[in-house]
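Peer 1: Residue-level listing of the chains:
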Amino acid sequence: MTDEELILEFQKSNDQKAFEILVERFKNPLINFVYRFLGDYEACVDVVQDTFVKVYRYKDSYTSVAKFSTWIYTIAGNLARSEYRRRKRNSIFSINDYGEEGENYDIPDNKFRPDVETDSKFKAQKIQEALMKLKEVYREAVILRDIQGLSYEEIAEILKIEEGTVKSRINRGRAQLQKYLKNIYKD
Amino acid sequence: MEENINNKLLDDLRNLPKVSAPDNFEEELWKKIYKPEEKKESFWQKIFSTNKLIPAAATAAAIIIIFFLVRPNSSDYEDPFMIEPPVREDIITVSNDDAGVSGMIEQKQKIEQQEWKSDELSRSSLKKESAKPGADSSIKDNLTESATTPETLSQSSGAINDEVQFDIDKEELNFLKRNLTDQEKQEILELKRKIKASDTPKAE
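Listed in order, the protein sequences are those of chains P and C. Okay, so the first sequence: first residue is 1 according to the UniProt record's numbering, each after it adds one. Okay, so the second sequence: first residue is 1 according to the UniProt record's numbering, each after it adds one.
If you're looking for bench data, these hints aren't it; they were derived computationally from the structure. For each residue, glycine too, the CB sits at the ideal point set by N, CA and C. Some hints here could point you the wrong way.
Chain P is faced by these chain C residues, among others (derived, beta-carbon under 7 Å) [as the list claims (entries may be wrong)]: (1) K8; (2) L9; (3) L10; (4) L13; (5) L16; (6) K18; (7) V19; (8) S20; (9) A21; (10) F25; (11) L29; (12) K31; (13) I33; (14) P36.
Produce the complete structure using the sequences and hints provided.
Peer 2: And the structure:
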């Protein structure tokens, strides 16, 4: 069954099993997306759980016009953005003017960072740090495209912007990433 | 070159380690789903919530108390730098002020009255003597001419002042103390002798 069929089943008959399948399918991609965006594992788990809670409670607001994946990514993106801004406001410890864009940089929690355990942990760590330096709009677009592998069309639908804007944000995001990681990618 | 770097960066982004959900993800999710939905507080509820109202009220009360305690325009407030030093009457010396002058005047008036009384007595004794046979008639005339009341006496104070000696302390007159030379002292003594010499024929 497709995602759309499952959500329709859940809408019609309140089938818990259909919802569980959707959770199983989307929990890891969403965790990955939100983690790369927030840089904090605990916070990202909370955000993804809240996303599914919203899907469960407001299942009827989904219309079959859109893809289920874009709908759930939109919810997760909105919640992740709110959480990021809330954390930025309440952050006691923040490094001002760390990035060139004047963005605050929240130090990621290393305790649950899976990239620490991998062989390329240094590079992964540097990439994550560079991602956190990017502006929110560029970061979100780059993650959805280059890490999650979504199409420009899907990203445009999730972010509710034009495809051209998506492409320009992705290009700018990549260029900035490359600039921040010039020590790694100099050859 | 830049294209290669970009591709390498894109590859690395794509191959970043995947983050997976924790084991208890579903369990925690169902707990959240079955937990009653929290109602969002309105703006006014947020402002007037007890958590915020109590500290705000305490702060306001503290500000009011501090304002009334250290109010700069308060009438009760005495600036320690503006208080005049306490007056010690025991060390004050009256020199040439009103109190000293009035004291002198009072003393003068007393002396005048005493002198007038003594004159009265002397006049009455002279009358008695003139009443005796063989007394000089010129004395009578003098007495009648010089018979005066206290009022007339005060009018002719210039004449009396020549005769009356006032005991005026140096403290009351605020004299400038000066050390006299021997020559000046001798001159003063001579003047005193002359005054005494001029006084003795009058008394006679």
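Peer 1: Report the numbers of all earlier hints that the structure fails to satisfy, in ascending order.
Peer 2: 12, 14
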